[in-house]
Amino acid sequence: AQSVTQLDSHVSVSEGTPVLLRCNYSSSYSPSLFWYVQHPNKGLQLLLKYTSAATLVKGINGFEAEFKKSETSFHLTKPSAHMSDAAEYFCVVSDRNSGTYKYIFGTGTRLKVLA
Amino acid sequence: KAGVTQTPRYLIKTRGQQVTLSCSPISGHRSVSWYQQTPGQGLQFLFEYFSETQRNKGNFPGRFSGRQFSNSRSEMNVSTLELGDSALYLCASSLQTGGNYGYTFGSGTRLTVV
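Those protein sequence lines, which keep their order, are chains Z and S.
Each number in the numbering used here corresponds to the 1-based position in the first sequence with 450 added.
Each number in the numbering used here corresponds to the 1-based position in the second sequence with 1 added.
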């Protein structure tokens, strides 16, 4: 079965410094992977997705993620953090089972941006 | 265009009651999924509907049920509410079933069971 592990429950960075949120996945086939962001009391917003095209995926708000099959990783990065990036981030793998799909969510990483 | 709309935003119910939550997907989206979000269990998949048919189901008891109408709007029902059902319930829509397209989420319905 597919699974996803977010390696850090909390990450703190200073405004203007790089962001790295780590995600490892387990999949028995070529997965589809996503990053979502959730601001307080809001729903989830899709940041970017990997669906077997280019391994470096660019998303909204300056975020990127690189799919590394050899490392089974899909880490999320941003060169320079803004205060508005403070939120919870979820790594997601699309799980295929008997021809149907469902999302498997990671446990989330809460990003804190310090002024 | 309008996003995914969930109503109501907040609900307070008593143990043993039942509740119905509503979700209107983005126009043209035929797939609607439901998720439960709690601090302890995180985000858990409840079920997905596509063209009025349940296509996939998570590991929740039969007290949790759903349906989808011909206009793709969906409802989720929880009967015999328990304290542990207190959660944020999120609805998500997509053009097709399968998840590869990415889902658009609503802002959720926060259910409190007392």
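A few of these clues could be false.
Just some of the chain Z residues that point at chain S, by a computed CB distance under 10 Å [as the list claims (entries may be wrong)]:
1. Tyr-475
2. Tyr-486
3. Gln-488
4. Lys-492
5. Leu-496
6. Ser-544
7. Phe-555
8. Ala-565
Derived by calculation from the structure, the hints in this document are not laboratory data.
As the structure is a computational prediction, the values presented were derived from the model and not from experiment.
We put the CB at the ideal spot given by N, CA and C, even for glycine.
Each hint tested on the structure:
Interface hint at Tyr-475(Z): violated, since its Cβ lies 14 Å from the closest Cβ of chain S, which is beyond the 10 Å cut-off. The closest approach between the C-beta of Tyr-486(Z) and any C-beta of chain S is roughly 8 Å, which is under the 10 Å cut-off, so the hint is satisfied. The restraint placing Gln-488(Z) at the interface with chain S holds, with a minimum CB-CB distance near 8 Å, inside the 10 Å limit. The restraint placing Lys-492(Z) at the interface with chain S holds, with a minimum CB-CB distance near 6 Å, inside the 10 Å limit.
Because the smallest distance between the Cβ of Leu-496(Z) and any Cβ of chain S comes to about 5 Å, under 10 Å, the interface hint for this residue holds. About 4 Å separates the beta-carbon of Ser-544(Z) from the nearest beta-carbon of chain S, less than 10 Å, and the hint is met. Interface restraint check: Phe-555(Z) against chain S, minimum CB-CB distance 4 Å, threshold 10 Å, status holds. Here the hint on Ala-565(Z) is broken, as its CB sits about 27 Å from the closest CB of chain S, past 10 Å.
Of the numbered hints stated above, those contradicted by the structure are hints 1 and 8, listed in ascending order.
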